[in-house]
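Here are the chains, one letter per residue:
Number of protein chains: 2
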Amino acid sequence: MLKRYFPILTWGRTYDRPTFEADLVAAVIVTIMLIPQSLAYSLLAGMPAQYGLYASVLPLLIYAVLGTSRPLAVGPVAVISLMTAAAVSKVAVQGTADYITAAVALAFLSGVMLVVMGLLRMGFVTAFLSHPVLSGFTSAVGILIAAGQVKHFFGVKADSGGLYEILSSLWAHLAQTNVATVLISILSLGFLFWARRGMKPRLRRAGVSPRIADILTRASPVFAVAVTIALTWIFGLEGRGVAVVGTVPLGFPVPTLPSFDPALWQELFVPALLIAIIGYVETISVAQTLAAKKRQRIDPDQEFIALGGASIGSAISGSFPITGGFARSVVSYEAGATTPAAGAYTAIGVAIATFTLTPALYYLPRATLAATIFVSVLTLVDFAALKRTFSYAPREGIAMVLTILVTLLRGVEDGIAFGVVLSIALHLWSSSRPHVAELGQVPGTEHFRNVERHRVISPPGVLSLRIDESLWFPNARFVEEMIYDRIATDQSIKHVVLNCPAVNHIDSSALEALEEVNDQLKDAGVRLHLSEVKGPVMDALTRSDLLTHLGGQIYLTHHDALAALAPNLTRQTASQGRCETHR
Amino acid sequence: MLKRYFPILTWGRTYDRPTFEADLVAAVIVTIMLIPQSLAYSLLAGMPAQYGLYASVLPLLIYAVLGTSRPLAVGPVAVISLMTAAAVSKVAVQGTADYITAAVALAFLSGVMLVVMGLLRMGFVTAFLSHPVLSGFTSAVGILIAAGQVKHFFGVKADSGGLYEILSSLWAHLAQTNVATVLISILSLGFLFWARRGMKPRLRRAGVSPRIADILTRASPVFAVAVTIALTWIFGLEGRGVAVVGTVPLGFPVPTLPSFDPALWQELFVPALLIAIIGYVETISVAQTLAAKKRQRIDPDQEFIALGGASIGSAISGSFPITGGFARSVVSYEAGATTPAAGAYTAIGVAIATFTLTPALYYLPRATLAATIFVSVLTLVDFAALKRTFSYAPREGIAMVLTILVTLLRGVEDGIAFGVVLSIALHLWSSSRPHVAELGQVPGTEHFRNVERHRVISPPGVLSLRIDESLWFPNARFVEEMIYDRIATDQSIKHVVLNCPAVNHIDSSALEALEEVNDQLKDAGVRLHLSEVKGPVMDALTRSDLLTHLGGQIYLTHHDALAALAPNLTRQTASQGRCETHR
Chain A
1 MLKRYFPILT WGRTYDRPTF EADLVAAVIV TIMLIPQSLA YSLLAGMPAQ
51 YGLYASVLPL LIYAVLGTSR PLAVGPVAVI SLMTAAAVSK VAVQGTADYI
101 TAAVALAFLS GVMLVVMGLL RMGFVTAFLS HPVLSGFTSA VGILIAAGQV
151 KHFFGVKADS GGLYEILSSL WAHLAQTNVA TVLISILSLG FLFWARRGMK
201 PRLRRAGVSP RIADILTRAS PVFAVAVTIA LTWIFGLEGR GVAVVGTVPL
251 GFPVPTLPSF DPALWQELFV PALLIAIIGY VETISVAQTL AAKKRQRIDP
301 DQEFIALGGA SIGSAISGSF PITGGFARSV VSYEAGATTP AAGAYTAIGV
351 AIATFTLTPA LYYLPRATLA ATIFVSVLTL VDFAALKRTF SYAPREGIAM
401 VLTILVTLLR GVEDGIAFGV VLSIALHLWS SSRPHVAELG QVPGTEHFRN
451 VERHRVISPP GVLSLRIDES LWFPNARFVE EMIYDRIATD QSIKHVVLNC
501 PAVNHIDSSA LEALEEVNDQ LKDAGVRLHL SEVKGPVMDA LTRSDLLTHL
551 GGQIYLTHHD ALAALAPNLT RQTASQGRCE THR
Chain B
1 MLKRYFPILT WGRTYDRPTF EADLVAAVIV TIMLIPQSLA YSLLAGMPAQ
51 YGLYASVLPL LIYAVLGTSR PLAVGPVAVI SLMTAAAVSK VAVQGTADYI
101 TAAVALAFLS GVMLVVMGLL RMGFVTAFLS HPVLSGFTSA VGILIAAGQV
151 KHFFGVKADS GGLYEILSSL WAHLAQTNVA TVLISILSLG FLFWARRGMK
201 PRLRRAGVSP RIADILTRAS PVFAVAVTIA LTWIFGLEGR GVAVVGTVPL
251 GFPVPTLPSF DPALWQELFV PALLIAIIGY VETISVAQTL AAKKRQRIDP
301 DQEFIALGGA SIGSAISGSF PITGGFARSV VSYEAGATTP AAGAYTAIGV
351 AIATFTLTPA LYYLPRATLA ATIFVSVLTL VDFAALKRTF SYAPREGIAM
401 VLTILVTLLR GVEDGIAFGV VLSIALHLWS SSRPHVAELG QVPGTEHFRN
451 VERHRVISPP GVLSLRIDES LWFPNARFVE EMIYDRIATD QSIKHVVLNC
501 PAVNHIDSSA LEALEEVNDQ LKDAGVRLHL SEVKGPVMDA LTRSDLLTHL
551 GGQIYLTHHD ALAALAPNLT RQTASQGRCE THR
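Protein sequences appear in the order of chains A and B. Numbered per our numbering, the first sequence spans residues 1 to 583. Numbered per our numbering, the second sequence spans residues 1 to 583.
Some clues are possibly wrong.
Any copy will do: because identical chains look the same in the list, a pair fits if it lies in one copy or spans two.
[Claimed, not checked] Straight-line Cα separation of at most 30 Å, DSSO-like style, residue types lysine-lysine; simulated pairs:
#1 Lys522 with Lys200
#2 Lys293 with Lys90
#3 Lys294 with Lys522
#4 Lys534 with Lys294
#5 Lys3 with Lys157
#6 Lys494 with Lys293
Because the hints were derived from the structure by calculation, they are not lab data.
Chain A with its partners taken away, still in its complex shape (with noise of 0.2 Å):
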């Protein structure tokens, strides 16, 4: 019991050397990346650069004793970041005291409902986000955090929120563009777009070995950062108008209790609902999809206790809402993380890190942090998987488009919102059409085929009709309206079989509307059967009274029915031998 809350106990008891060693190398790769993430992301949820660091140890240190992934490396993430930005600037002005005390209880709040979802085993609750849906608001996500960062290359300021008020207020402000703000952003863009593609053949050619280019890599964000700290320091930028991180407190802010303001919590409830699900989504596809490499386990329930008590940390340490990084887990899963530990010798890393390197942190040039976020946000944006889920499924895909925009011009709780209502509305919609094939028998078989595809024989009187979907309450009346018409359009039907192998479930809508046409049809002097009607939807239909004054009869399989039906059409096929179905 202790153990399946605390896996710790469980991965803790064997840990030895090489397992640490492991771990120490994949947690100094990861602190290198996760320093200026911490900053920028920090900046882009609307929060002092310093907190991005503070949210970057408690949690990591407390993951590492609940968590069930062995690489997944928590902290500020872009998408919650700007999802927590969003949430908090419509209840605090940025910048206040008031805009920390909301980050703080958003970050509770998400916490403790990860945390009951968890004990709840709640974890159908991220059933309701589809692919589309969840793809598409990650691209449209990545191009409003990018939108939002050009007016930091041209050192303006400019709104944020929807793409359009981004862009014109941007346009607006680009009169006080101040140059040295742009060179350092075109050095910074340049030298990262640069460090992604051409850096590590480069390495490679000198001679380094490629475990070195890697992390060297992986480090070019920090390189950007040192250097163009120096740059400002040496030039004096500050002083021609490039915007800093300014002065930052040593160490860290004592720890404090989340405020328990129930009107603010009302006001957060909503988003801190969404950041939960979406940061625990995207946390365990990664986590899922590492483990699976390598035939490890994780327990989906336990990542969301794991990821709230995360979350919780960051609210004690008096930051903003954190979840599990994709690319930083990956890096770690790359860098040989063995358990969770690696996490934790992560947090001392910038735990130290907070101590001493704060101070040249005063220079630092916001613009620089723009860059990294800019690079790193363009992997977010996936416009192949729109074309993928085109021509799959072109409502889907046009669900997917709709979601992108009314994200990008609404913002990213409508864009969430309204994706999940039209995925849902869309699947009901196509359910309550379902395919329905009428049968004939394929002369001389035991077999019976769709009628408009194979050239079959049916026989007069019997109306055969397969039913290729689970029955329940959006396709129920459909059901019923077409076995009506049917019998209202010929009027020689005195037999209506209905052939059930792919039907699932019969709900109690579906049910219903199956005694209703029964009912009916006796009246109009026509007889309801079923055949091949699966064991478990079998079970369920003897609970209802349906059985018992059915018109007609149950058959095992088809041809029984047709058999016992239409004993001529069958005769000449009696002889063979039965061919049971897989049910």
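Chain A is fixed; fit chain B onto it per the hints.
Using the frame of chain A, we list chain B on its own:
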């Protein structure tokens, strides 16, 4: 084309004398039934009594022209009247001109919505209402309406709204009980309840023909009305504090256009939509049922238009939303209505009444109308359905109970909205955990069954899973997790074969999941295979690139798969003839 939108052109041309007589008889009976109901439901809607008559003429004429159901009788209906009162009370005060204006706008709006849904063939909107939700909602509305009448029995004022408000304010006002009113109520209620049960057999024993006995029973509310009018007049009960309908202008108000106040329309949009959909669902079910009994055809899309037209007709008559009445339609069916013309004759009957009987209505006690409502709405309350649903699907039973409670306590709009969301969530939840069976081979056969239910053999290193559900976003993650879990638990697995005879769809979320699974399994040294994939699903998969980089194969039958992956196991059966599945 014209015939599609004006069914009268079809049945009208074959209209002959016997048809006319049949329709006329039905019309007379329905008229007798409709007059007191229309007055009563008008009060229920918070309108002056006579508006019920106004709503029972033009709409019936319009439906006769546009409708496809022969016996359907449109007009004021209890559920819709209550929903009208609930919606209009939010924007205007009862008894004011604004209230009537709003009710007219509501009728017009929902009418237009219905017409639009019909033209766009949006029948699927009804798919969102599961049977438990609808039935629970209807029962709750029945209780709310009945409870709302009690104040009239005691002749006291009391609030409407949720059950709690109704009962508590009733209790508070009970001191002002009016004795004369109570006597009228006891008389009417006693008579009406007796008429429901005892009247018909008594008449039959008195030698009255069944037909006449039936008509007389249907007419019992009219007797109640006539007698209590007489009593009130003779004994001057009005002076004794018995609330009466009072002065009713002779004839009809001048037709008017509904107000085009955008603010009002915005406030009424959602209620209008709910009224449109609920009214339509109730109507279409009875229309379907009665048509099917005689193998007649109705056009669901055209019914939208016909009901919409009728509702707009009610608005033009300066009255409130109406729809097809269940009891009324059944009566008209049993009375032998053969064409929609019966409705037109009913309209004429009501029109005559409006010009002749209205003066008599002055002395009609509201208590009597309350009694007629009370007795008729009790048929809406169907706890048997609750019991049925519980025994068939407990989860849906709970949804039903919750819908009832929310409707009772928070009112109709919250009730129905809550129910819809709940039944969708419930469905997503249950389909997020599909039934998955691990398969083994029935020795000596080519059949594969659930290892937990049958004595079967499964070869080492091959995991066979049959997924009994379409693969779509709510269960995509579940399937992914389940497979990862299996290969992590049993490291000996080298092949995973998904047996898909029950998979009717694979949406893009599930496709994404399968591609993820395929990739991770490759890295884990496991090959993913599919067997018995349905034609349509296969067609879809060929549009994706899953098949191109699938680690394993796709097999026509599961036996083929096992024969290829574990030859020794299946050789014994190889001699037997292949048995194709029924797909």
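Worksheet entry | Which numbered hints fail | Failing hints, ascending: 2, 4, 5.
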